[in-house]
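Q: What follows is each chain in one-letter form.
Number of protein chains: 2
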Amino acid sequence: MRQTFDETTERAFGARHLPLIRKAMSEQALDGFLVPHEDEHQNEYLPEANDRLAWATGFTGSAGAAVILKDKAAVFVDGRYTLQVRDQVDEGLFEIRDLVEGGVPAYLESATQRGQVIGYDPKLHSPDALARLKSAAEKTGAVLKAVAANPLDAAWGSARPAQPVAPVLPHPLAYAGEDSTAKRTRVAADLAKKGADAAVLTAPASIAWLFNIRGGDVIRTPLPLSQAILRKDGSARLFLDPAKVTPDLPAWLGNEVSLETPEALEGALADLKGQKVLVDPGQSSAWYFDTLQSVGAETVRGEDPCTLPRACKNATEIEGARKAHVRDGGALARFLHWLATEAQSALPDEKTVVQTLEAFREGTGALKDLSFDTIAGAASNGAIVHYRPTERLNKRTEAGSLLLVDSGAQYLEGTTDVTRTVAIGEPSREMAERFTLVLKGHLALARIRFPAGTTGSALDALARAPLWMAGLDYDHGTGHGVGSYLGVHEGPQRISKAPNSVALQPGMIVSNEPGYYKTGAYGIRIENLQFVTAADEIEGGERPMLGFETLTLAPIDRRLIVVDMLSGEERAQMDAYHARVLREIGPLVDGDVARWLAEACAPL
Amino acid sequence: MRQTFDETTERAFGARHLPLIRKAMSEQALDGFLVPHEDEHQNEYLPEANDRLAWATGFTGSAGAAVILKDKAAVFVDGRYTLQVRDQVDEGLFEIRDLVEGGVPAYLESATQRGQVIGYDPKLHSPDALARLKSAAEKTGAVLKAVAANPLDAAWGSARPAQPVAPVLPHPLAYAGEDSTAKRTRVAADLAKKGADAAVLTAPASIAWLFNIRGGDVIRTPLPLSQAILRKDGSARLFLDPAKVTPDLPAWLGNEVSLETPEALEGALADLKGQKVLVDPGQSSAWYFDTLQSVGAETVRGEDPCTLPRACKNATEIEGARKAHVRDGGALARFLHWLATEAQSALPDEKTVVQTLEAFREGTGALKDLSFDTIAGAASNGAIVHYRPTERLNKRTEAGSLLLVDSGAQYLEGTTDVTRTVAIGEPSREMAERFTLVLKGHLALARIRFPAGTTGSALDALARAPLWMAGLDYDHGTGHGVGSYLGVHEGPQRISKAPNSVALQPGMIVSNEPGYYKTGAYGIRIENLQFVTAADEIEGGERPMLGFETLTLAPIDRRLIVVDMLSGEERAQMDAYHARVLREIGPLVDGDVARWLAEACAPL
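Chains as they are written, first to last, in this note's numbering: chain Z, 1 to 604; chain Y, 1 to 604.
Just so you know, the hints here were simulated from the structure itself, not pulled from any lab data. Incorrect hints may have been included.
A pair holds if it fits inside one copy or across any two, identical chains being indistinguishable in the list.
[Stated by the list, open to error] Cross-link-like lysine-lysine pairs, in silico, DSS-like; alpha carbons within 27 angstroms at most:
(1) 518 to 395
(2) 276 to 139
(3) 518 to 194
(4) 194 to 139
(5) 244 to 145
(6) 193 to 70
(7) 351 to 23
(8) 134 to 193
(9) 395 to 273
(10) 139 to 273
(11) 395 to 351
(12) 518 to 497
(13) 193 to 139
(14) 134 to 72
(15) 194 to 134
Bear in mind the structure is a predicted one, so any value in this text is a computation, not a measurement.
In isolation and in its complexed conformation, chain Z is listed as follows (with noise of 0.2 angstroms):
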């Protein structure tokens, strides 16, 4: 079994790292330490060993900072977090601020002093984030100073983990479906258009698409933690752990990309002397900024260039996705299926349900590793939207109630991540009302169209409509991106409140998750994959327009669907993907599993 229901922190953490942290602090005449989140890969998930924030405070969550002062200080997170926090972190040691409202900068203007010292690590915080905080602190006269060592690196020692060496493998092109010599000329010639010689590439996802390459250095996702330098003719220099080079690899790099070790990297930025060189704020640390700068390049600041082209999927990357959502879709309805008829008088834990699905999905055979840790959560569970079960906090499900149950697979083919909500006995009117509600929302945004150009920010609303006429709202994002076999949260594109410039555009995949929350009650949620692509052709229609099509292929629960509150057009649309789903996965399944698959799926 691959997950785990450990709690990798105690509330202890900080009582007992804080007073080693301040002690390294002191040693460099700090009078203070920033502890973003960020790790020096700035990726969404971190190796143990870089997640200094959880070692520091004991706060696990997936966003966040703390601020450590001499004789107090403080931990940043932000709304989903605020139960999580106070559950993890000691109050006694930790004041627990707002991540977004004011956050570490106005704690910075409140709490320090003129004349003091604060650290920080530049390899943890991009430029922005930076600039930001060091005009808090001159406010207060206080100075903000890059260390050369990490004080909390040195505070936790010996009992810090290794960094992960996994092994880096070629991702053949049978999977990734342009090979990397076109990528890089595709790229560089971009690079070219900007003006720029050369680009610093940091993100390990970028890396593993530009160069064909898969790692596991971070749970959950295949990503080699590494770094690159890719000019504007093509060629390139990859910055990667010797140990975790295998054998076939620098063939399959080929010559214009030469395998340097880590340790280089800091050289080869000063080779880019003169020159102007492309990095992404959002992507890359201020250290690359800084030392760029020292070194005489001029640095241009601009999207990391592999971030588009990787987010737009070729047709083997999509033919892929669609076989993995067909593979997915038989583990997931053996999963239902058990979750529609044993489950319903067993009642599971929410662990037994967590590892029934893993089941099923290892059942297939080409299980590489869950896309993230599934969240199960039963009743009122349910309504914690970033819920993971625990030993401690693991319950059962409950007759009268919802589960729901949001999990994914890692395939060579590509990545799933499904969310689906499931009656447990009898549910009430009000949750089939708010189910209905929700679908109402997945199913306008699942079959709009819409003209190129169009951002995911403009059609948020649309999965929101039916909701807020009904005076209701989830406090999350509708869609994020989706990698090929790589992160299971993939920029640029995004489809939420927050306002986001990307168009959409023919081959990004995004999610299509609207839900609905009762605190201390249940939770709905109702996600499937689907990507852009050029809608059929409408008659006495007159421009272009784009669509989505859907890759998730599991059925939705009838019994949670009020049918009267469904036109007559989203009646058909859900029926139409239930013939689809019965269609494409009825074929992977038998006996009770097939018969069961066929009542599911049955015209409502």
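Dock chain Y against chain Z, hints included.
A: Structure of chain Y alone, referenced to chain Z:
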């Protein structure tokens, strides 16, 4: 009659004026000169004396620019004006280029040479636009130079009209709803919060709002062209041509507002030495930033602090808007009755349509001005989004086609803006179907409820979705803000595809005006004004929601509605709107008009 049908420029303007401008350029040793559409007030409407782009080129669109070099010149317009510019501008003298794609910067990069000196008038360019132009010129080695005296103005010479000196009058509390002292105290508190000692205000609408005054310096909008400095204690200096000052004005402004001449402005900026001064780079030209910097003031870039409070109408202004719309609705009922009866056989020309509507509005006895030149587009002219009938373009309405009329009025109580599309003779099935799609979008936006924090950008797709599903769209925004007896286009809110980060807030007025345009055939637009309000309580709802209350009261042509295409909800919404129109406007009309109105407002 107020609206004229003259053309104010000629194609020959270029041939006549370019040599004069080039001569004035050479007297200042300039190799080129930049001519933006914007004037010193960065306002939408310009007095004739400041429409330098029109005088130089003949082009009269509401946005654009020209670059005049020694041996060539170019005019820049956006997609709305590609037809109009070829009609108005001599292509032998001016290259026509896209204002958005590449725009002036790309032209400077391609057309200027090392050592050339290109002049610009710093009072006419925003600092951000100027920075882009400077960086483009730098690439070729050309230099942009601020001129002390505008060579175009010198060339225009005595032929240039005088600056307008319309009287500035108090805007009584009965209409404004909040006295100037209260407004200044409120805005000054916001200044202090932002750490600014003062704000420089240059947007005429902000000055009109803040001091509760109205003028008439630009057509269609009761604006006083002026400038002001507001201090953080709420006191202010107002710079106004003495010729505009009416007898009651000084007392109306009170002791805390000093009335000074425009010539005193530069000295007043010098008085801000050492202070933090808020200036809006979107409203104030580079000259303000340069001048403040040169006198040793610190500029704080930020939105004009009157923009948001001005947009959120108070109870008096809302009550006034309701009254203005009922009054306007009476005039519209008479006009629409005329269109539905007499005009059906008379087939009047557009000019007559404009004049007839104007006469009905004059008949209210309260018309202060039109809020913009009426767009009456018969048949194919209706498909030209920014059409204005002139003697030359004037066209008769056609049986079997549509007439689009977009118009508005300025009343002391408020500003109106309404579009109705009316069938002349028997409309085709296609016309009615597309009208119904536009109507469905209009209704969706009118009935939506949404949580606080929602922007207009987030709602835009609701109005477009029915068209999108049919492969159609329209190339303009869905909604703009409207002033209270001020500009008919007013920020900061906006409902459009373009990202806008301003949340819709109670009291904001926005238009709801989706459309469809079939080039060479007909145009459709349905526009009501609506204001943001707290939505009625929703049974079972958990979050407070906002919604819209429709202000505009005029029947929508039922001959163009395909009832079968409406959902039950849409039909009920349409019937409720018409019932309200009849209830509120019915008492204002009698005889044939009353009988017609009852029919026009009967349930579908």
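Q: State for each hint whether it applies.
A: Now for the hints, and whether the structure bears them out:
1. With identical chains, the CA atoms of residue 518 and residue 395 are at most 27 angstroms apart within one copy only, with a shortest distance of 17 angstroms there and 60 angstroms across copies.
2. For the identical chains of this complex, residue 276 and residue 139 are inter-copy neighbours only, at 15 angstroms across copies versus 34 angstroms inside a copy, given an alpha-carbon limit of 27 angstroms.
3. In this homomeric assembly, residue 518 and residue 194 never come within 27 angstroms of each other (Cα to Cα): the closest approach is 49 angstroms inside a single copy and 38 angstroms across copies.
4. For a Cα distance limit of 27 angstroms, the shortest separation of residue 194 from residue 139 across copies, 14 angstroms, qualifies, whereas the shortest one inside one copy, 37 angstroms, does not.
5. Taking CA atoms no more than 27 angstroms apart as the test, residue 244 paired with residue 145 passes in neither setting, with 34 angstroms inside one copy and 58 angstroms between copies.
6. Taking the shortest alpha-carbon separations for residue 193 and residue 70, neither the intra-copy value of 50 angstroms nor the inter-copy value of 31 angstroms comes in at or below 27 angstroms.
7. Proximity of residue 351 and residue 23 under a CA criterion of 27 angstroms is satisfied in neither setting, with 41 angstroms inside one chain copy and 84 angstroms between copies.
8. Only between protomers do residue 134 and residue 193 lie at most 27 angstroms apart by alpha-carbon distance; the minimum there is 21 angstroms, versus 34 angstroms within a single protomer.
9. Taking the shortest alpha-carbon separations for residue 395 and residue 273, neither the intra-copy value of 59 angstroms nor the inter-copy value of 66 angstroms comes in at or below 27 angstroms.
10. Taking the shortest Cα distances, residue 139 and residue 273 sit within 27 angstroms of each other only across copies (21 angstroms), while inside one copy they are farther apart (35 angstroms).
11. With identical chains, the CA atoms of residue 395 and residue 351 are at most 27 angstroms apart within one copy only, with a shortest distance of 8 angstroms there and 75 angstroms across copies.
12. For the homomeric pair residue 518 and residue 497, the shortest alpha-carbon distance inside one copy (21 angstroms) is at most 27 angstroms, but the shortest distance between copies (33 angstroms) is not.
13. Taking CA atoms no more than 27 angstroms apart as the test, residue 193 paired with residue 139 passes between copies only; the shortest distance there is 15 angstroms, against 41 angstroms inside one copy.
14. For the homomeric pair residue 134 and residue 72, the shortest alpha-carbon distance inside one copy (20 angstroms) is at most 27 angstroms, but the shortest distance between copies (49 angstroms) is not.
15. For the homomeric pair residue 194 and residue 134, the shortest alpha-carbon distance between copies (18 angstroms) is at most 27 angstroms, but the shortest distance inside one copy (30 angstroms) is not.
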